[in-house]
Amino acid sequence: MNYIHKFENYLIEDLDLSKPELKETRRGFGDALVDLGKSNPDVVVLGGDVSGSVRTDMFRDAYPERFFSVGIAEQDMMGTAAGLALAGKIPFASTYGEFATGRPFDQIRQSIAYSVMNVKICASHCGFTVGPDGATHQSLEDVGIMRILPHMNVITPVDYNQTYRAIIECTKVNEPFYIRFYRDNSPNYTNPDAPFKFGKADTLYEGSDCTIIASGLMVWESMMALELLAKEKISVRLINMHTIKPIDRDAIVKAAKDTGCIVTCEDHQKIGGLGGAVAEVLAQEYPAPVEFIGASDTFGESGKAAELYEKYGISSRHIAEAVKRAVKRKK
Amino acid sequence: MFPNLKNPVFTDVDDLNEMARQIRRDIINMLLLSKSGHSGGPLGLADIFTALYFNKLNLLPEDPYNAERDFVFLSIGHVAPVWYATLSRRGYFPLDELKTLRKVNGRLQGHPAPLKTHGLPGVEIASGALGQGLSIAVGTALGLRLSKKPNHVYCICGDGELAEGQIWEAAMTAHHHKTDNLTVIVDRNHCQIDNRTENVQVLEPLADKWKAFGFEVFEIDGHNMKEVLDTIDAVKKVKGKPSCIIAYTKMGRGVSFMEDNYKWHGVPPNDEQGKIALGELAATKYGDFVDYYNEK
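Protein chains in written order, with this note's numbering: chain A, 11 to 341; chain B, 7 to 302.
Treat the hints loosely; a few may be bogus.
Derived lysine-lysine pairs resembling DSBU-like cross-links, with alpha carbons at most 35 Å apart [stated by the list, open to error]:
(1) 245(B) x 48(A)
(2) 122(B) x 48(A)
(3) 184(B) x 182(A)
Please keep in mind that the hints were generated in silico from the structure rather than gathered at the bench.
For reference, chain A alone in the conformation it holds in the complex (with noise of 0.2 Å):
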């Protein structure tokens, strides 16, 4: 385990990794929120029918005046909360990943992002792990269509408590947001009191070879792979680029200066997310190995979380094998 160094502050004591805490990231979604509602009067949410699985209810209880039901309509709710950040409120619009995202595009282009609306956009369901719902269901592009826009700021926490945390901060920045979670029980494994830095990352792990730089639940998928990877003496930085836009661009070159190849991971298309935004920056800034793990332009199916991770190739033992493909890549 020497392949392994922790950076103690960022995870929580006594982590045990093959035990953790499971516990949901929208629910995190669900408790920040009625913290804020009892702290700031202005924070007001949007239903679109689903606010039972986005753990709006527990706001929509606590304050019904504040909440304010749009039906399924969800092009609705996004010009909806743009007007009422007009009129000061701190509008939260939440609902599954790709009606937040696909379905509402142009309003949150010209009446979100285009007029800077202080509006936040929360997206529950992302990613392949509403697994048995099927491909309609998979939001694997959110992110790459959220991070095209001007003026949007895009955040993908990684567990119930980093989630729970950049839900507060980011009451803190007057602009638009676009804020991904999940709907499955995931480890909770980040320390509540680690302070969360919007636009800065956290590295997790320190390591010389290679550099995972992961998003989301992959950062605990890529967490798993350190562990294969130490049994084969291969040393690795693990990043968690919970910002993806404004992405910190000076951990990524910093990352492929010091370890010389970098792989990316995400439960998102190759194309257009965390993957892209850090070939991005590397192409212009320090161009190094980037070795990708994603859906490879290809939509899901059904079936549980771990099939598919598996079968689309983003499980630890694929982001272990990308990491070996990328030391293999250096000069």
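Starting from the structure of chain A, add chain B where the hints point.
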């Protein structure tokens, strides 16, 4: 409790009509200078904009974002010239700036640009992609009500625009939340870029549609100043539901060869046509912001 900000500039219908005519002249001059832009819709809406800004709205041009202001959302961003001319005539920004319509580095973008990036006083939010204004208006109305504020919210929509599904999503939200501080004004000119509205896609029975969606509906002659003024007073008295004014107008109103002709939806007049147009729209006591034919 609520300061009356509006200081109505004119109460006399003749004065308002003369200002509306000047705004029409301004639109023609702006389009002659920009050689790009929409003629028909802006000319058709000049009376309604004059009634709102020179009589009915609570506003302070010197403090355009005063918290007590009434909100105006222009869902049909392409009719921006009538809004720009009206705002300028009302004192929101200098008349000379009307010369910059659609010019690079300008604030008078082809479709209204956001306050935060372009800073044109009087504009709240971007519009241009159709169908989005009513949702925003509903959101603002909900926010104002939550803050227990009496400001009224107006959203100006086109008739062709009503094919956008988001309009009816927003109408359902307005109905559900009983936003009686919201009025949608439909510019019912029966024209859109391809053809007359009923040829592109049947819109009637339009009043019945809005009624079915829970709105109190008023049908008016959008060129009859007195009727426009009285109806704006009436919508503010509606309680427990949103209101809709269907304003029957003529595209290109005031210029004979443009009137009621959908082909004037999206094009500017050339020099020859502009001369005829300005001849038909008699000069007013307010004066033009440019003497186009002598300055060019």
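Each hint tested on the structure:
The suggested pairing of residue 245(B) with residue 48(A) holds, with an alpha-carbon distance near 31 Å, which does not exceed 35 Å. For the suggested pair residue 122(B) and residue 48(A), the alpha carbons sit about 29 Å apart, so the restraint of at most 35 Å is met. Our distance criterion of 35 Å between C-alpha atoms is met by residue 184(B) and residue 182(A), whose separation comes to about 32 Å.
Figure legend: structure checked against the earlier numbered hints; every hint is met.
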